[in-house]
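Undergrad: Heads up: the protein sequence lines correspond to chains A and B, in order.
According to the working numbering, the stretch in the first sequence is residues 1 to 119, in order.
According to the working numbering, the stretch in the second sequence is residues 1 to 112, in order.
Hints in this document: simulated from the structure, not taken from any laboratory.
No residue lacks a Cβ here, since even glycine has one placed at the ideal position from N, Cα and C.
Fair warning: there could be bad hints in the mix.
To be verified - Label pairs and their calculated CB-CB ranges:
(1) B:K17 x A:S60: 37 to 43 Å
(2) A:P18 x B:I77: 28 to 34 Å
(3) A:S3 x B:Y10: 30 to 36 Å
(4) B:V54 x A:R42: 40 to 46 Å
(5) A:Y39 x B:G16: 32 to 38 Å
(6) A:Y39 x B:G97: 26 to 32 Å
What the hints assert, rightly or not - With a Cα cut of at most 25 Å, we get these calculated BS3-like pairs of lysine-lysine:
(7) A:K58 x B:K100
(8) A:K77 x B:K100
(9) B:K65 x B:K17
(10) B:K71 x A:K106
(11) B:K17 x A:K106
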Amino acid sequence: AQSVAQPEDQVNVAEGNPLTVKCTYSVSGNPYLFWYVQYPNRGLQFLLKYITGDNLVKGSYGFEAEFNKSQTSFHLKKPSALVSDSALYFCAVRDRSLILTGGGNKLTFGTGTQLKVEL
Amino acid sequence: EAQVTQNPRYLITVTGKKLTVTCSQNMNHEYMSWYRQDPGLGLRQIYYSMNVEVTDKGDVPEGYKVSRKEKRNFPLILESPSPNQTSLYFCASRGTGTEKLFFGSGTQLSVL
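Just chain A, with the same shape it has in the complex (with noise of 0.2 Å):
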């Protein structure tokens, strides 16, 4: 079964200054991650995937995340965080190799983290 961690309820960090959002996941084969926001009120925002390839991945907003095999983490990261990047991050997996028999269509969510960016 697949599943994905993020350890941390609430990331609190001032502006300015860099952030990360922790993720691991477990899956049986290669992975598909994803990054998604929700901000009040509203419904989730795609922010970056990794597929394949480059392990850096770059997205909207000035967000990125490094896919790391060995450790199964795919961290979310912004080099000077905004007042305005407050919300509720989602990492997200789908197990590729799954989808020949039908089962990689399932995507598994986080819990989310709640981030807070403080002037």
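Since the structure of chain A is already known, use the hints to place chain B on it.
TA: Chain B only, in chain A's frame:
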């Protein structure tokens, strides 16, 4: 404008009264899915559909039904709602060959 539309936005009902939450997308997407969001549990997949007349269970399908008679619509049906189905529900869609999910604005359901 490309979007996923869910209705209603808020719904309060009583135990056992059948209800349907509608979901429609205007992007000609093949894949559609329903999730519920609960505090501390994140998003959990209820059902998904790869195309018309093709549906499959997600992680928490009990107590829910879906249908996919048309490509653009994917309604979520609760035949006999119970209080443990009180939750925030999201519909999402994506096109074949893409990995970017588009989400609706959500439906807050309360079952009394």
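Undergrad: Could you run down the list of hints and mark each one as holding or not?
TA: Hint check results:
1. B:K17 x A:S60: 37 to 43 Å: For S60 (chain A) against K17 (chain B), whose Cβ atoms are near 41 Å apart, the range 37 to 43 Å holds.
2. A:P18 x B:I77: 28 to 34 Å: violated, 46 Å
3. A:S3 x B:Y10: 30 to 36 Å: Holds: the Cβ-Cβ distance is about 32 Å, inside 30 to 36 Å.
4. B:V54 x A:R42: 40 to 46 Å: Taking Cβ atoms as reference, V54 (chain B) and R42 (chain A) lie about 29 Å apart, which means the hint is violated.
5. A:Y39 x B:G16: 32 to 38 Å: About 35 Å separates the Cβ atoms of Y39 (chain A) and G16 (chain B), which means 32 to 38 Å holds.
6. A:Y39 x B:G97: 26 to 32 Å: holds, 28 Å
7. A:K58 x B:K100: Cα-Cα ~14 Å, so holds.
8. A:K77 x B:K100: holds, 19 Å
9. B:K65 x B:K17: holds, 14 Å
10. B:K71 x A:K106: holds, 19 Å
11. B:K17 x A:K106: violated, 30 Å
Hints 2, 4, 11, counting from the list given before, are not met by this structure.
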